[in-house]
Amino acid sequence: MKNEALYNYVLHLGDDSLILGQRLGEWCGHGPILEEDIAMTNISLDLIGQAMSLLDYAGEIDGQGKDHDALAFLRFEHEYRNVLLLEQPNGDFANTMMRQFLFDAFRKPLYEQLVASKDVQISAIAEKSLKETKYHLKHSSEWIIRLGDGTEESHNRVQNALDHLWRYTDELFSESDLDQSLVDAGIVPSMSEIKIQWAETVRSVLEEATLMIPTNNWQFEGGRRGVHSEHLGFLLADLQYMQRAYPNMTW
Amino acid sequence: MVTKETILSWLEEVCDPEIPVLSLADLGVLRDVEYLKNEWLITITPTYSGCPAMKTMEADVLSKLKEKGVDDVRVELVLSPAWTTDWLSEEGRKKLRSFGIAPPEDEVDKSVLFAAPTVVPCPKCGSRETKMVSQFGSTACKAHYKCLSCLEPFDYFKCLK
Chain R
19 MKNEALYNYV LHLGDDSLIL GQRLGEWCGH GPILEEDIAM TNISLDLIGQ AMSLLDYAGE
79 IDGQGKDHDA LAFLRFEHEY RNVLLLEQPN GDFANTMMRQ FLFDAFRKPL YEQLVASKDV
139 QISAIAEKSL KETKYHLKHS SEWIIRLGDG TEESHNRVQN ALDHLWRYTD ELFSESDLDQ
199 SLVDAGIVPS MSEIKIQWAE TVRSVLEEAT LMIPTNNWQF EGGRRGVHSE HLGFLLADLQ
259 YMQRAYPNMT W
Chain L
87 MVTKETILSW LEEVCDPEIP VLSLADLGVL RDVEYLKNEW LITITPTYSG CPAMKTMEAD
147 VLSKLKEKGV DDVRVELVLS PAWTTDWLSE EGRKKLRSFG IAPPEDEVDK SVLFAAPTVV
207 PCPKCGSRET KMVSQFGSTA CKAHYKCLSC LEPFDYFKCL K
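Chain order of the listed sequences is R and L.
Taking the working numbering, I'd label the letters of the first sequence as residues 19 to 269.
Taking the working numbering, I'd label the letters of the second sequence as residues 87 to 247.
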């Protein structure tokens, strides 16, 4: 029998990478400057690569012969386990960078802890992905500071993005009952440790960016249970089009 | 029966599709060659998770060995230990420079924001007066620089540790 807890956890890690990778890919050809166009698609490529490793592993745990393509292209909305933050539309560049920063600041300490996982495959994927994530966090942090401490226009836009996206941040740290068994087994870290590190990174970068953490702390959640916002369906329609229109097509 | 050394020497002819002067061994992507039961197992590791060249490298290894008459080959991709630019051979660094790509330099701590970027000498004129244009370049493994002396843009094979 498959390990349901491990399957769910790995699927959720893979879906987070996949959905954000897809969102960033939407910037291809639309970046505000060429260098940023290339940067966002490079980061997208890293995330899609991580998603391939993670979803392959999820398929292996599932034991029904599904590979990353089957999992990425042939599920319905409610079967995806990504957090709501990552499926939110790109909006302007400030919004995209804020979403990226809030996620990178979470992913880096998470991968750091997952390197020590007792599950060798999770550890290997985390070790590989951590090196890439450090570059991502540096990139998004620098943009948050540059935009926040920049012109009145850039400051307002990035503050608006923060006000809008803040409501999706608690979900990053949500833990299901199933997750607890993995924490006890030393396979994944407890989210409370990750949240402390995330909060410190977010506080220091936002402070330097002269941005204010929203006082309204109303929070949304649902993605990790498969309850998504309306945006995911549109994203998947784009992502899955070729496989749905031409089943089993390959490059 | 061919030896491991022979296989390795044949694989010297398999190059990175994006940087055709570097063999997989120079790049540090080729991790191991061993004979198991009745097949050769070639172990490779990706530079970056999403590197699209990995599939091509795998196919190139298979077709090179097939061309040499070795059919029983399996290529396996491993993630750990994770690839680092420390594995680029000295020979590989020289080849990169002559190809116009600056090899990786020891880099400043990535946790320091807005740190002065690493000084990367221009692979064309050797000047140290260069400027990073973007941390992300033409492929996942490169950053984009330009030389302030000869004014040429160039790729920098960025440090990954």
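Bear in mind the hints are in silico, worked out from the structure with no lab data behind them.
Heads up, a few of these hints could be off.
To be verified - Using 27 Å as the maximum straight-line C-alpha spacing, the simulated DSS-like pairs for lysine-lysine come out as follows:
1. Lys-247/L to Lys-213/R
2. Lys-180/L to Lys-217/L
3. Lys-180/L to Lys-150/L
4. Lys-196/L to Lys-90/L
5. Lys-196/L to Lys-152/R
6. Lys-247/L to Lys-149/R
7. Lys-90/L to Lys-149/R
8. Lys-20/R to Lys-136/R
9. Lys-156/R to Lys-196/L
10. Lys-217/L to Lys-156/R
11. Lys-141/L to Lys-84/R
12. Lys-154/L to Lys-196/L
13. Lys-156/R to Lys-232/L
14. Lys-90/L to Lys-150/L
15. Lys-123/L to Lys-152/L
16. Lys-232/L to Lys-152/R
17. Lys-123/L to Lys-149/R
18. Lys-156/R to Lys-247/L
19. Lys-90/L to Lys-152/L
20. Lys-180/L to Lys-141/L
21. Lys-149/R to Lys-196/L
* **Given pair status - Lys-156/R, Lys-217/L, alpha carbons within 27 Å** => holds, 18 Å
* Hinted pair Lys-232/L and Lys-152/R, Cα distance within 27 Å -> Holds, at roughly 24 Å.
* Asked: Under the criterion that the straight-line Cα-Cα distance not exceed 27 Å, is the pair Lys-156/R, Lys-232/L satisfied?
  -> holds, 21 Å
* To do: Sort out whether Lys-149/R lies within 27 Å of Lys-123/L, counting only the CA atoms.
  => This hinted pair is violated, its Cα atoms lying about 36 Å apart.
* Has the given pair, Lys-180/L with Lys-217/L, been kept, meaning a C-alpha gap of at most 27 Å? -> Satisfied, since the Cα-Cα distance of roughly 21 Å is no more than 27 Å.
* To do: Take a quick look at whether Lys-180/L and Lys-150/L sit within 27 Å of each other, Cα to Cα.
  => holds, 25 Å
* Compare the distance between the alpha carbons of Lys-149/R and Lys-196/L with 27 Å, and conclude whether the hinted pair is satisfied. => holds, 10 Å
* Given pair status - Lys-141/L, Lys-180/L, alpha carbons within 27 Å -> Distance ~26 Å between Lys-180/L and Lys-141/L Cα, so the pair holds.
* Quick one, are Lys-141/L and Lys-84/R close enough, alpha carbons at most 27 Å? -> Roughly 19 Å separates the two Cα atoms, so the pair holds.
* Asked: Between Lys-90/L and Lys-152/L, is the straight-line Cα distance small enough, at 27 Å or below?
  -> holds, 15 Å
* To do: Verify the proposed pairing of Lys-247/L with Lys-213/R, using a straight-line Cα cut of 27 Å.
  => Measuring from Cα to Cα gives roughly 25 Å; hence the hint holds.
* Measure nothing beyond the straight line between the CA atoms of Lys-20/R and Lys-136/R; if it is 27 Å or shorter, mark the hint as holding. => holds, 17 Å
Violated hints for the displayed structure, listed by number in ascending order: 4, 7, 12 and 17.
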